[in-house]
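> Each chain, letter by letter, is given below.
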Amino acid sequence: MNYLIQFAGREYDMYDTAVKFFIYSTEHSDYLIDIYANVRPTPFSPMSNSVYLKGSQKNAHYDLFVDFDGDMVMSNKVIHITPHTLEIPENIYKYRYWAVLGTLYHIIEDISSAYVTGYLLENKMKQELEVFSSYSSHLSFALRIAVNEIFGRDI
Amino acid sequence: MDVKNSNEIITEFISRCNFVQIYSDYSFSLFGAGDEFLGIGAEKSLDILYSSAIAANRVIGFFDNLPSFIPEYSTKGGCLLITKTLPAVVATPVLFCKSLDVFPNLLANALRISNEISLPVIIVVSDNIFNNFVKSSNNSYDHNRIAGYIYKQSFANKLTVEQFAEKMVTAEQLLNELMPNNDNYKEISFTEPEKPFINYILPLRSNEHPALIDVEVSKKEYDRIYKTLSTKYNLIVSEKTDSCSIASVGLKEYLCPGCPFLVYFTMQYDKSTLYFTDIDCKGMLKKYNINRVPFEYFIGINSSQLNVRTVFIGKASSFNSLYLSMLRSGSVVLLNDADYKSVNGFKKIKNIYKPFLDHNFVLLPYSCNNIKNYKPVSLKYSKCDKCADLDYPLCITETNCVALSYRYEKILVNKDLCTGCKACVTICRKAAIK
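Quick note, the sequences are listed as chains A and B, same order. Going by numbering that gives the first Met the number 0, the letters in the first sequence line up with residues 0 to 154, in that order. Going by numbering that gives the first Met the number 0, the letters in the second sequence line up with residues 0 to 433, in that order.
Derived by calculation from the structure, the hints in this document are not laboratory data. A few of these clues could be false.
Cut-off 25 angstroms, straight-line C-alpha distance, at most; resulting in silico cross-link-like pairs (PhoX-like, lysine-lysine) [claimed, not checked]:
1) B:K281 - B:K314
2) A:K93 - B:K281
3) A:K53 - B:K97
4) A:K93 - B:K385
5) A:K93 - A:K19
6) B:K353 - A:K19
7) B:K194 - A:K93
8) B:K134 - A:K53
9) B:K379 - A:K123
10) A:K53 - B:K3
11) B:K374 - B:K353
Distance ranges between label pairs, derived from CB positions [said to hold, decoys possible]:
12) B:K347 - A:T116: 56 to 62 angstroms
13) B:S14 - A:N58: 43 to 49 angstroms
14) B:K347 - A:K53: 57 to 63 angstroms
15) B:P179 - A:K53: 55 to 61 angstroms
16) B:D63 - A:Y11: 48 to 54 angstroms
17) A:M124 - B:D1: 17 to 23 angstroms
18) B:D1 - A:K57: 26 to 32 angstroms
19) A:V77 - B:R308: 30 to 36 angstroms
Computed from a prediction, not measured in an experiment: that's the story for all the values here. Note that the Cβ used here is the ideal one computed from N, Cα and C, for glycine as well.
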């Protein structure tokens, strides 16, 4: 399966960690990866990257929009992973990067989340691990409908 | 983890190769000491870097637009100039890089060439180089330390044409060995990842090397880079109407918190006035639709009495007070980017958020590079109706401020980011922000 994943986020350190983990995991799952950067007009503009994952199936191609802070301006019917579509409760909003990343690992089935869980365990980030595990095991209702419709499979 | 970002790669290169002087334009903000070149501007900083390289220091500069530059003396240390657009004058070897995977090697090669030919080397990079990630990189950098030295003859002997041509021959040999150009390109692209691009151009080329001809590029790229390439270099470029294969996603646009333009336009904006500036901020220029011209143009525009009011907003550091006597009409607003105590003929404004329309020449307390922090604003939720008649609260849509966000049916103020510029206070219709 091939995926074009567009990332966007405003918290530089968290964004950096999340995208690095994702690239590292996908590389170890034998995906070919092309990474592209998008321009930031001001120093406070959101970070944004496009990651193209080339898998074994040449024909199937899916677009995923991973929006850590809700900064994307979306118009089409697409899979938009954002704190809003994940319905993240207010009390765990500060862990949204891990929730969004967990969802991404859930949608792309053949990548392992072991690197992330290992990192969180090693650094004793209990809350983050809890959020990550919870969101990497189920999808919110709205997102599940979108994924099932666009992917044509039940997740 | 074997994944690095652009910032780590460049920082590693800078620290391993022992660069003495580092300049970076405001938009690069991640590199360099920061305050060292405060308010000096790209042109003067380039002169400082170049003269430092003549005195055997290793220097590197990051420029949005590289000023015109013709080397007259040999440099002793390496001198690398990294820019996002092709320089107007190609007077030293220019290398191109469009992929972060090869960037560390290209930096190392560029430094080697600069050392060998004793001239600065320009590296033109695509948008893919900054804010990007790379899977892994194993690089061998030149760790040599060179102590600065200068002698009497350093500035006495200018480069002759013969010496320059000799250096270019050496550079061409080195470049052909390290990153040869393919001469059979039919279509090249600097932004599309799959298509090839030339690796370098040189000011003088040997006859043995055939010219690159007849290549097609898209309209967007043609305007950005190829007009210069085709006129300054032996390359015939024609336009092509193709869209980029990797489309970038639409993102909300944010200005810097406390952006002096935001505060100025919130307080003083007048629809009938024509605004000009010499500050190159893509975000601000897009939001306010201002004409970007140097101050000299503004003097010319105002050489007779005009039918509209004109205002120039510029940097205090690049303003020459002698110009004031030449200016026949129009207002000037200077942004104090170098923390000047005063500028001749200008009224110094202490509080940026108070109206000052009565004065034609004013000096605002800060600019983009030294935004001042006042007391952060606070929001009174009992007064705030979240602009119920509109789709989104005005304070967020009008200010594009990164410190304000709308979540869980509430407007939130990030006190760490808020500079207290009070642009949102002026915009709020219910006086809920104080």
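> If a hint holds in the structure, say so; if it doesn't, say that too.
Status of the hints after comparison with the structure:
{"no.": "1", "hint": "B:K281 - B:K314", "in the structure": "holds (16 angstroms)"}
{"no.": "2", "hint": "A:K93 - B:K281", "in the structure": "violated (30 angstroms)"}
{"no.": "3", "hint": "A:K53 - B:K97", "in the structure": "holds (20 angstroms)"}
{"no.": "4", "hint": "A:K93 - B:K385", "in the structure": "holds (23 angstroms)"}
{"no.": "5", "hint": "A:K93 - A:K19", "in the structure": "holds (19 angstroms)"}
{"no.": "6", "hint": "B:K353 - A:K19", "in the structure": "violated (45 angstroms)"}
{"no.": "7", "hint": "B:K194 - A:K93", "in the structure": "violated (41 angstroms)"}
{"no.": "8", "hint": "B:K134 - A:K53", "in the structure": "holds (15 angstroms)"}
{"no.": "9", "hint": "B:K379 - A:K123", "in the structure": "violated (38 angstroms)"}
{"no.": "10", "hint": "A:K53 - B:K3", "in the structure": "holds (20 angstroms)"}
{"no.": "11", "hint": "B:K374 - B:K353", "in the structure": "holds (15 angstroms)"}
{"no.": "12", "hint": "B:K347 - A:T116: 56 to 62 angstroms", "in the structure": "holds (57 angstroms)"}
{"no.": "13", "hint": "B:S14 - A:N58: 43 to 49 angstroms", "in the structure": "holds (46 angstroms)"}
{"no.": "14", "hint": "B:K347 - A:K53: 57 to 63 angstroms", "in the structure": "holds (59 angstroms)"}
{"no.": "15", "hint": "B:P179 - A:K53: 55 to 61 angstroms", "in the structure": "violated (28 angstroms)"}
{"no.": "16", "hint": "B:D63 - A:Y11: 48 to 54 angstroms", "in the structure": "violated (20 angstroms)"}
{"no.": "17", "hint": "A:M124 - B:D1: 17 to 23 angstroms", "in the structure": "holds (21 angstroms)"}
{"no.": "18", "hint": "B:D1 - A:K57: 26 to 32 angstroms", "in the structure": "holds (27 angstroms)"}
{"no.": "19", "hint": "A:V77 - B:R308: 30 to 36 angstroms", "in the structure": "violated (46 angstroms)"}
In this structure, the earlier hints numbered 2, 6, 7, 9, 15, 16, 19 are contradicted, and the remaining ones agree with it.
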